[in-house]
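*Asks:* Residue-level listing of the chains:
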Amino acid sequence: MNILNTRLVSCLCYCFSAAALLSVISCRKAHERNGTDPLEDKEEQITKQTSTSLGESERRAGIAETSLKKIAAGIVAGHVPPEMKGVTEPIVQVAGKFTGSDPASRHSEAHVFKITNGEKIFVALARIELKAKLANGRLCSVVGQLASKWVVGDNGSLLLQSLKEAAFLPPVESPVAWFEEQTGKVIGNEPAFLHHLSHGIDHWLTRVEAAHGIDAFIRNGMALGDIDGDNRDDVYICQPGGLPNRLFLHQKDGRVKEIDAGVGILDHTSAALFVDIDNDNDQDLVLATPAGISLFENEGSLNFAARGVLRTNSADCHALAAADYNLDGNLDLYITFALGDRLGDENNDRFLFHDAQDGGANQLFRGDGDWSFTEATESTGLHKGNNRHSLAATWHDFDLDGDPDLYVANDYGANQLYRNDAAEDGKRIFTEVATMVGVEDKAAGMSASWGDFNRDGRPDLYVGNMYSNAGSRITSHPDFPVANNAGLLAVYSRFAKGNTLLSQTKPNQFIELTDTATMGRWAWSSLFADLDNDGWQDLFVANGYITATQPEDL
Amino acid sequence: MPLGNSGASPGLVRSSPAQALIEAVRRGSSFSGNERHVVFQNIAGRKFSDVSGITGLDLADDGRAVCFTDWDNDGDLDLWINNRNSPQVRFFRNNNPGDMRGLTVRLVGSTCPRDAIGARAILYLKGQKPQTQSVTAGSGFLAQSSKTLHFGLAEDAKIEKLVVHWPGAEAASYPGLAAGSLIIRQGETPQPLNLKDPALSNTPVADASSSRHTFLAQRLPTNTILPRPSGKIQEPSLVVLASKGCPNCEIQLAEWRKNPPQEIAINVLYAEKLHEDNPLQLQLIQLLHDHFFYITQRSLETPLSFLVDPEGRLCAIYRGRIDRETLKKDTASLKIDGAPLRMASLPFKGHWQSGSLPEAEPLGFAEELLDAGLVSSANLYIREHFTLMQSDEAFPQLLERLKEMENK
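If you're matching them up, the sequences are chains A and B in order.
Residues 0 to 553 in numbering that gives the first Met the number 0 are what the first sequence spells out, letter by letter.
Residues 0 to 407 in numbering that gives the first Met the number 0 are what the second sequence spells out, letter by letter.
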């Protein structure tokens, strides 16, 4: 039965995220639509316990959201519905700003994230986002919240009574968009793009048998590195099983050209790194595949030669990160596993949504030079607590003592920060200090990035998590299963609150900044980068889980 | 609990909420879809402001990995992003609307790794807080950005010096630098890179239709499932599901009437007729199709054709009209096996790292028939292919489940 393991392993890692929290909602929606409930057993019980008023609350949220979406679309077109009373002045002002905006450029969104539980009167809080090209040609965007007050009629109908702004941020404007898409110019004429990458994964799901290792969830990464020594970064794109990874060479004219170079690997590839493993001044390639960590040596002349596979604990290889942890001049490799071998264990009772400790055991491979690697997980102390669902790892000298430390972002629970210390015998020992320094960030960790955003010299940390409107609504509802357990409730609410910015305010002491940069939606990549060249590191969050052909989201 | 409908769903998965989600997604549902990317502008290190709407980056893709690099060597960061959906990769050029300068620095180690991974560079500016950047290999989500460091320089920024902490070595100080791109080798003086790229000319993005068929790597026996044309069992055959009023079906069938494909027997089934006379057959066709692909229970496109070899094994699935050349090539390839078959089943060439693909699993398909509640179809299928399944360790379990369901 092993054929499907790869596929299950690769699809499960992320769909677990928030599933326990949100499936209650999703499945009720599905139930309403289809008349069948896809959930059975214990989920059914949760639904039953809470059905009446959480169900009503969700019904109200749905109606309010539909109505607020229309209002938001009105505001970005320059008008507030005249029949409505009780609209506050700042909302009218924003509508005024958008008067005469270019209709084709308008976009608006409204999402209810909180709803009060009154019997006859309630307040729905919605996040709104408005953008358009103004009459003067400038791009403008407004983000804020709307507090809407509703009266419930005897027949259950809802009447909007008043609308008030909350947390409206000042409009932001720019003469042109910060970025311009040039996919067509750079890669659009490449056959590999035309015939393969221009199609989404759903296209390939009906053409490539699942047995090759392809699924709908997709966890295939990408790497940049200069493989031909022209000081221009080339691009390697990872693909699911049955579709080849693609290597594109950066041409002098800015376009790319695909080359085979022996690394069009067909195995499901989650991560790739371009690093100079053998210190011969060119970029070698390291891949995470179900076979293990595959090593390829850059032979010059645009060709790579296979230099073996480091066998791993599990086929569920996920993220790769490289650094020289023992400062011997040879790069070392760290690999994470999202689930590991315990996925198929029917007696697994250690999966706890908020504190899962049934993940795979991540591994550290010490580079000894000449393409030789030795596993050093246990000898360095990294085996302690090594049982989480690890979706990302990144090395950084957070304590500025000259050696790289390791941060691991885990789904369903606490993250880990392994401090790198020199032992007396010159060896390296890692000590897990996440709780001690304040970076454990118990949530659905998916990615991590280090950067000194406030330029105080101390590295700060940004962690990608999950933001969910539905999750915020149901965890704040009194019928939420753990509503009477304040501690656990806080833990669960955190899973829907979004990304986490951790500022190292004093050496080895991080403070979470809760009021900024948290709303990253279902975040995957979350990176510090100075996008506007003003010297301050901005943040980019790439998100979105599964957008399928059916219009309604679960 | 028996193994699940795809032949291998472990108990953990089935009993968890995740399984419900997986199955919904396989049937074609969205989950946290249509979500736009988010950009936060750093306001002088005090707070972040959501500027997504003016960046041009707020696309509603299912984004995954993001990599930054100064692609066109103009001192600002451009980016590559890959997606779950179409297109799987996008490139964005930075318009730098504030017209600010930048400094990019590539570090090359001598005592530390050549890539200088782990090196920390601090840019000291006159009257301003310093900026720090480090060389990293692997950050964000499954991504590796450029190892070239980037520093944005606001209008009033004046560089005093760059200090590089080389891993495991003494820090070095580099005074007298200006905006632009540099390469610094450990122990040497910085050198300019002068890599200004020409502006790109505009070229259109075109799409091309790709192969609409799958030559299967796992050949599943289909006797009792697919009705082959009677009397011509020694030839390869094509079982075609057509529907009325489907233009592609009409064109295809007219073409075959005029010029029948050689050495292949064709059996055409009409969906409407099956729906009335034999709905079970329709259900079996759907299950057979879904057995091979990650997606399930989506509506099938007609004509939908199944190429079956003389032994009754399914070898290829075609959606829409069949190209005569493709059919000829496929019927000529029915004997290939092993690694060449695995490669022939894929749309593109490439290299495998792992060993061979296991054979088709009739037992798994029998499980799927039971999952769908088709007890007598399962019984027939198991009887017919008994010899192919009996050595499987899960076989007694399958029989037990069959008996149990028959007794109900």
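Heads up, some of the hints might be wrong.
List time: in silico BS3-like cross-link candidates among lysine-lysine, alpha-carbon distance up to 30 Å [as the list claims (entries may be wrong)]:
| # | chain 1 | residue 1 | chain 2 | residue 2 |
| --- | --- | --- | --- | --- |
| 1 | A | K69 | A | K113 |
| 2 | B | K157 | A | K505 |
| 3 | A | K148 | A | K68 |
| 4 | A | K251 | B | K348 |
| 5 | A | K163 | B | K46 |
Output of the computed footprint for chain A on chain B, the stretches with three or more beta carbons under 8 Å from beta carbons of chain A [said to hold, decoys possible]:
| # | stretch |
| --- | --- |
| 6 | 147-156 |
| 7 | 221-227 |
| 8 | 281-295 |
Treat the hints as calculated values from the structure; they're not laboratory data.
Predicted model only: the values in this text are computed from it and were never measured.
Virtual Cβ for every residue (Gly too), placed ideally from N, Cα, C.
*Asks:* Run every hint past the structure and note whether it holds.
*Replies:* Quick rundown of the hints versus the structure:
| no. | hint | result |
| --- | --- | --- |
| 1 | A/K69 to A/K113 | holds (18 Å) |
| 2 | B/K157 to A/K505 | holds (28 Å) |
| 3 | A/K148 to A/K68 | holds (15 Å) |
| 4 | A/K251 to B/K348 | holds (27 Å) |
| 5 | A/K163 to B/K46 | holds (25 Å) |
| 6 | 147-156 | holds (count 7) |
| 7 | 221-227 | violated (count 0) |
| 8 | 281-295 | holds (count 4) |
In summary, the structure is inconsistent with hint 7 from the numbered list given earlier, while agreeing with all the others.
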